[in-house]
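Engineer: Each chain, written out:
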Amino acid sequence: MSDATFEAEILKSQIPALVDFWAPWCGPCRVVGPVVEELAQQYAGRIKVAKLNVDENPVTPGRYGIRGIPTLIVFKDGEVLEQVVGAVPKGSIEAMLKKAL
Amino acid sequence: MGQGPQWDILILGGGPAGLTAGLYAARGAMQALLLERLVPGGQAATTEWVDNYPGFPQGISGAELSQRMEEQAVRFGLKTAREEARGLRVLEGQPRWFEVVTDQGSYRSLAVIIALGADYARLGVPGEEEFRGRGVSYCATCDGPFFGGQEVLVVGGGDSAVEEGIYLTKHASKVILVHRRDRLRASPVIQKRAFANPKMEFVWNSVVEAIEGDRGVERVRLRDLRTGRSWDRPCSGVFVFVGTVPNTHFLRGLLEMDDRGYIVTNEEMMTSVDGIFACGDARRKLLRQVVTACGEGATAAFAAQRYVEEVKGIAYK
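If you read the sequences in order, they're chains A and B.
For the first sequence, my numbering assigns the number 1 to the initial residue and increments by one for each residue that follows.
For the second sequence, my numbering assigns the number 1 to the initial residue and increments by one for each residue that follows.
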């Protein structure tokens, strides 16, 4: 996903979305990445899961005041429902997703 | 499966200590399960570069070292699960069992190895949680690039604080290091580099009282410990490196710990409860490094195996 497609893919999504803001130079992002991918499979069809590389896409992180990664945001109906920073365990991310369902 | 223990050894935590314990337990033909809440490697996995683990003369990235350790343990039969341990119960009986409760279920075993590691300590000041990810950070390599050409504050005086501060000068226009004492604890090599860096500025004998701003961090209120005077220092980021706290909260009252929560063991990694062993950063000790974690992991696994074999009555005597 990119800045250009963010609005259409996430804000106008029919189902809730989880966005992983990451960058290749961030160690904790590499730790959270596989967990997010697991959740994408587990919640396929119910939650849209996307990754946004903040290095290549600075506009969207700026819009949400993001100055720390990994940041995970759950969007519902175009609004921020939940937001968390850092390498958080799978259980905590799932708890955020369940609030959106 | 019945009500008996499913596992010989449960290993809580998958950093270098837990992974090495897993390697040794698996090679010892123990039924061992390692529970790790994220991906293997723990703090080491998020360390950019590990330069002091023997056998890698040019150093190795923490992520790669962690992956290799996991691969090696799994090759010998270690099982792993991505679950977070949240409770540990001792079930008295013949033999004694342990039950580990996780965020997704529970497991029973004859022995437990605690390798839960440590997390970075917070300052505990107003604004710190609120601005987390909006200027407050605990990882310079992750978040440094968001502060290009801006002034940031670093809190702490140890190796991490000074090294990360030097790293931040690559991005920030100025790095203000705030330390509660009048000199650094960091090793001399690192200190020398910091003092020679024109972008580094030092504020001695001072602590952070509050972190303030609107959408993100805009300033920090500092207090000079000698004069008691408080003042505001504008900055757009605050990087906190004030030590670590062990991930042992849910074990309080069960195991002997020091007043900071580090688990007390003997030389064989035995805790105050028979059948529970501890290794790595969560243990009370002098040096917290990958290499010491690995050594303790091996010892803990060896001691746990001996314990399990005695409980089962199959010890080699």
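What the hints contain is simulated information worked out from the structure, not anything from laboratory work.
Warning: the hint list may mix true and false statements.
Said to hold, decoys possible - Each pair of labels, with its calculated beta carbon distance range:
id : chain 1 : residue 1 : chain 2 : residue 2 : range
1  : A       : G91       : B       : R306      : 42 to 48 Å
2  : B       : P188      : A       : V59       : 20 to 26 Å
3  : B       : P126      : A       : G65       : 14 to 20 Å
4  : B       : R89       : A       : V59       : 48 to 54 Å
5  : A       : E7        : B       : K170      : 20 to 26 Å
6  : B       : R223      : A       : T5        : 43 to 49 Å
7  : A       : P24       : B       : F195      : 42 to 48 Å
8  : A       : G65       : B       : Q67       : 32 to 38 Å
9  : A       : T5        : B       : Q191      : 44 to 50 Å
10 : B       : E268      : A       : T5        : 24 to 30 Å
To be verified - Here are some chain A residues the structure puts well away from chain B; computed CB gaps all over 12 Å:
id : residue
11 : W22
12 : R30
13 : A44
14 : D55
15 : G62
16 : G65
17 : R67
18 : L72
19 : E79
20 : A100
C-beta: ideal position from N, C-alpha, C; glycine also.
Engineer: Each of the hints needs a verdict: does it hold here or not?
Structural biologist: These are the hints, each one checked on the structure:
1. Separation of A/G91 from B/R306 is about 34 Å and departs from the stated range, judged on CB atoms against 42 to 48 Å.
2. Checked against the hint of 20 to 26 Å, the pair B/P188 and A/V59 fails, with Cβ atoms roughly 44 Å apart.
3. Under the hint 14 to 20 Å, the C-beta atoms of B/P126 and A/G65, about 19 Å apart, fit the expected range.
4. Here the CB-CB span from B/R89 to A/V59 is close to 50 Å, well matched to the stated 48 to 54 Å.
5. Checked against the hint of 20 to 26 Å, the pair A/E7 and B/K170 fails, with Cβ atoms roughly 33 Å apart.
6. A hinted range of 43 to 49 Å holds for the C-beta pair B/R223 and A/T5, which are about 47 Å apart.
7. As the Cβ distance of A/P24 to B/F195 is approximately 32 Å, the hint placing it in 42 to 48 Å is violated.
8. With their beta carbons about 33 Å apart, A/G65 and B/Q67 fall inside the hinted range of 32 to 38 Å.
9. At about 48 Å, the CB distance of A/T5 to B/Q191 agrees with the hint of 44 to 50 Å.
10. The supplied range of 24 to 30 Å is broken by B/E268 and A/T5, whose beta-carbon atoms lie about 57 Å from each other.
11. A cut-off of 12 Å between C-beta atoms contradicts the statement that A/W22 is not in contact with chain B; the least separation is 9 Å.
12. Listed as a non-interface residue, A/R30 fails to keep its Cβ farther than 12 Å from every Cβ of chain B; the least gap is roughly 6 Å.
13. Listed as a non-interface residue, A/A44 keeps its Cβ farther than 12 Å from every Cβ of chain B; the least gap is roughly 18 Å.
14. Against the 12 Å criterion, A/D55 falls within the reach of chain B, whose nearest CB is about 8 Å from its own CB.
15. Look at A/G62: its CB is around 9 Å from the nearest CB on chain B, not clear of 12 Å, so calling it non-interface is violated.
16. Non-interface call for A/G65 relative to chain B: violated, since the shortest CB-CB distance, roughly 5 Å, does not exceed 12 Å.
17. The Cβ of A/R67 sits about 4 Å from the closest Cβ of chain B, inside the 12 Å cut-off, so the non-interface label is violated.
18. Distance check for A/L72 against chain B: the nearest CB is about 10 Å away, which does not clear 12 Å, and the non-interface claim fails.
19. Here A/E79 stays apart from chain B, with its beta-carbon at least about 17 Å from theirs, past the 12 Å limit.
20. Residue placement check: A/A100 keeps its beta carbon more than 12 Å from all beta carbons of chain B (closest about 19 Å).
Violated hints for the displayed structure, listed by number in ascending order: 1, 2, 5, 7, 10, 11, 12, 14, 15, 16, 17 and 18.
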